[in-house]
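Heads up: the sequence lines are chains Z and E, in that order.
Number 140 in UniProt numbering belongs to position 140 of the first sequence; there are no gaps in the numbering.
Number 213 in UniProt numbering belongs to position 213 of the second sequence; there are no gaps in the numbering.
Quick caveat, the hints were computed from the structure, so don't treat them as lab data.
Please note that a few of the clues may not be correct.
Claimed, not checked - With a straight-line Cα cutoff of 35 Å, these simulated DSBU-like cross-link-like pairs (lysine-lysine) come out:
1) Z/K6 <-> Z/K16
2) Z/K267 <-> Z/K247
3) Z/K267 <-> E/K31
4) E/K331 <-> E/K133
5) Z/K267 <-> Z/K215
6) Z/K267 <-> E/K133
7) Z/K10 <-> Z/K46
8) Z/K215 <-> Z/K227
9) E/K362 <-> Z/K267
Said to hold, decoys possible - A few chain Z residues facing chain E, derived, Cβ under 10 Å:
10) G75
11) H112
12) R186
13) R213
14) G277
Note that CB positions come from ideal geometry on N, CA and C, so glycine has one too.
Now for the letters of each chain:
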Amino acid sequence: MAEVTKLIHKYLRHDKKFPHVWCPGCGNGILLGALIRAIDRTGYEKDDIVLVSGIGCAGRLPVYVDFNTLHTTHGRALTFATGIKLANPRLQVIVIMGDGDATAIGGNHFIHAARRNLNLTAIIVNNNIYGMTGGQYSPTTPYGALATTAIYKNIEHAFSIAELAVTAGASLVARGTVYHATMLDRLIEQAIRKRGFSVVEVISHCHTQYGRRNKMGGAVDMLRWQKENAVRVEKAAEMSPEEMAGKFTIGVLVDRDLPIYTEEYRKIREAARARLGTGK
Amino acid sequence: MVEGALAAGCTFFAGYPITPATEISEVMSVKLPAVGGTFIQMEDEIASMGAIIGASLAGAKSMTATSGPGFSLMQENLGFACVAEVPCVVVNVMRGGPSTGLPTNVAQGDVMQARWGTHGDHPIIVLAVSTTKDCFDITVKAFNLAEKYRTPVIILSDEVVAHTREKVRIPHPEEVEVVDRIRPNMPPEWYIPYEDNSRGVPPMGIFGDGYRYHVTGLIHDIRGFPTQRADEIVPFLTRIHRKISQNFFDILMVDTEEADDADVVVIAYGSVARSARRAVREARRRGVRAGLIQLITLWPFPRQILEPYLKRVRAVLVPELNMGQISREVKRINQGMTRIETLNRIDGNLITPDEILVRLLKI
């Protein structure tokens, strides 16, 4: 059996939940593949993985895979994940969100989760648009782009999700694209293995809602755009701001060891026991 | 309340500071870690509600506490807990509203919000506490009902109850009846997470225990997967209502005093029930055959318990700290059986025993 077939049989709810909801050419399928390969490499049992998502196209991802899966409310995935992780720190909790999900309605939860530094992995699919609801501008829609709620042009300025996560204090922050699929496997694997709050921003494309309206072509053209505009972090360090104009970095932006919440909390428990005894 | 929660087995609390509920968070932050539990202060009440749902899915008995503005923020994820059938306890220490309202004054304005605050038709259990002893007993009951019926349970307290100081005897752990959720015991491949049974409450798998399944806020089929089929939507929604309605007599709780031979009864809840109790005793001393029905369960509304009284008594007085939320419900079920009188106060102060007594003597 081919390697991919084994993975399909092992991890997909293939007899139950297909066909999926995504448009042909969507980047979410590539991410799903990368995620499965990464988890498989880490060697975690399926019972130990909890896949949590918010609302949107990316939010539908967990339903297709055979883990403990939780499809929460819009923007709130990280709050549910926080509860799961604190109640059972042995579980490996991975959170899938979209750009609107994580940085608009869930923006506050996102920065606080990064600051708190639980051992969680957040994967944010950035396709620059609200796809599922029909193409409204999101916090990552570029200035000047067109959307169904910005037909004259978008006059807001975009967040850079990965840089936001770095500033908010995440332990590991990486950015990949669905075009650089094997690199994405590695980044996600590294994020899952990382002890602490890890973020992978996945640059994806919504040719249906964003590419079409902004004359960027179909899925293939948008993947080519990712190829041509992504610059590895190491290379970007040697480039001038002029050379980097309009381009974005991929790779690991930050990898640092910070105190982990659950380990810190263990010390709180000891302090509380010392003060109150183990009873009530 | 904290003692009640701990006695019931609560091991997880998430909250956000708000007057007059902050004391619960503070005491939880001191005591929970000592028993191996976890307290976390989240970035807002939306997050607190999300965190307690997540913790419950991972096996913890969980709780949050807030007041009006925070309770408004919790409505979104409360609906999630209803639909995904996640046991948890939410305390709302009511203060004057609407909006920021009267943060340090008492009110009972959130009765209808507790019932209908989250969108869509949903079942919910709401209990009201009146005394410090209630805070222990009813909190234990709230956890038990949440676990038994896989539903969020809301406890409505109010500023007066919260800031009352009195002595209570905390029972020994063996005196406290504690109910835990029913977990699946079949082989994982046989587990159908949302399959109906006679109780209407499916066994609940815990993340990490081998029963991998999908939890969603979307309307789902018996396997937990999203559905838009009418023949799956209707059985699901009717089941989650049925699991409450077919167990009314387990869920509906009232505390009566001198009500059985009463000529007039006072229907009250929360801190007002204490004033009412004193007024009823005083009225009896003055020869009025008054009685008290203190509502502990507010929702589902204890219609089955109240109806026999409504058929018999000459008049009913409903004092409450709002513009008439429970009295409206009493009138709805009354159907002309008896006379319903209301006594409302919205100035941020408690209704006194005298105010109730004066009305009882007039009726």
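Verification of the hints:
Taking the CA atoms of Z/K6 and Z/K16, the gap is about 17 Å. The hint holds against a cut of 35 Å. For a cut-off of 35 Å, the pair hint linking Z/K267 to Z/K247 is broken: about 44 Å separates their Cα positions. In summary, the hint linking Z/K267 to E/K31 is supported, as the alpha carbons are separated by about 14 Å, within the 35 Å threshold. In summary, the hint linking E/K331 to E/K133 is supported, as the alpha carbons are separated by about 30 Å, within the 35 Å threshold.
In summary, the hint linking Z/K267 to Z/K215 is not supported, as the alpha carbons are separated by about 55 Å, beyond the 35 Å threshold. With a C-alpha separation of about 33 Å, the suggested pair Z/K267 and E/K133 falls inside the 35 Å cut-off, and the hint holds. Note on Z/K10 and Z/K46: the hinted pairing holds, with a Cα-Cα distance of about 9 Å set against a maximum of 35 Å. Distance restraint check for Z/K215 and Z/K227: the Cα-Cα separation of roughly 17 Å lies within the 35 Å cut-off, and the hinted pair is therefore satisfied.
Restraint check for E/K362 and Z/K267: the C-alpha separation of about 62 Å exceeds 35 Å, so the hint is violated. Against a cut-off of 10 Å between C-beta atoms, the interface hint on Z/G75 holds, since the closest Cβ of chain E lies about 8 Å away. Restraint check, Z/H112 versus chain E: the minimum CB separation of about 4 Å is within 10 Å; hint holds. Residue-level restraint check for Z/R186 is violated (minimum Cβ-Cβ distance to chain E is 26 Å; threshold 10 Å).
Here the hint on Z/R213 is broken, as its CB sits about 28 Å from the closest CB of chain E, past 10 Å. Hint on Z/G277 holds. Least Cβ distance to chain E is approximately 7 Å, under the 10 Å limit.
Going through the hint list in order, the structure does not satisfy hints 2, 5, 9, 12 and 13.
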